[in-house]
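All chains should be built: construct the whole structure from the sequences, respecting the hints.
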Amino acid sequence: MTLIIYDNQGQIFSQVTGNYLVPQGGVQFMEIEVPAGKIVSGVNVSVTPHQAILEDIPPSEIEKLRLEMAQANTELFEMMLMLSGGAA
1 MTLIIYDNQG
11 QIFSQVTGNY
21 LVPQGGVQFM
31 EIEVPAGKIV
41 SGVNVSVTPH
51 QAILEDIPPS
61 EIEKLRLEMA
71 QANTELFEMM
81 LMLSGGAA
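Following the UniProt record's numbering, the numbering of the sequence shown begins with 1 at its first residue and continues without gaps.
Just so you know, the hints here were simulated from the structure itself, not pulled from any lab data.
Please read these numbers as outputs of a predicted model, since none were measured by experiment.
Backbone N, C-alpha and C define an ideal beta-carbon position, used for all residues, glycine too.
One or more of the hints may lead you astray.
What the hints assert, rightly or not - Distance windows between CB atoms, simulated: (1) Phe13 with Leu76: 18 to 28 Å; (2) Gln71 with Leu3: 41 to 51 Å; (3) Ala52 with Thr17: 18 to 28 Å.
Put into structure tokens, the structure is as follows:
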């Protein structure tokens with residue numbers, strides 16, 4: 001099965017094949033600016049006008065590894081300072 005989202009003029013906006021949710025009731029839209037570093041995770045329909053729910057983009061695996069490496073380097077430097085008596 002394929003879900004096709006289109007307007008009253010027949011213009012197709014999206015096609016989804018596989019796993020999808022079937023729209024319940026009317027299909028709404030909004031235009032927003034998504035700030036850098038954010039993603040849209042949903043729409044709050046309990047308020048009028050409806051509001052986009054924004055979340056921070058989670059760090060990528062590479063960014064996580066960079067942070068871990070920086071922390072490990074800091075810990076290594078601190079250990080070296082302790083072993084050398086505090087002189088860098």
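Query raised in the report: Of the hints given before, which are not true for this structure?
Result: Of the numbered hints given earlier, the structure breaks just one, which is hint 1.
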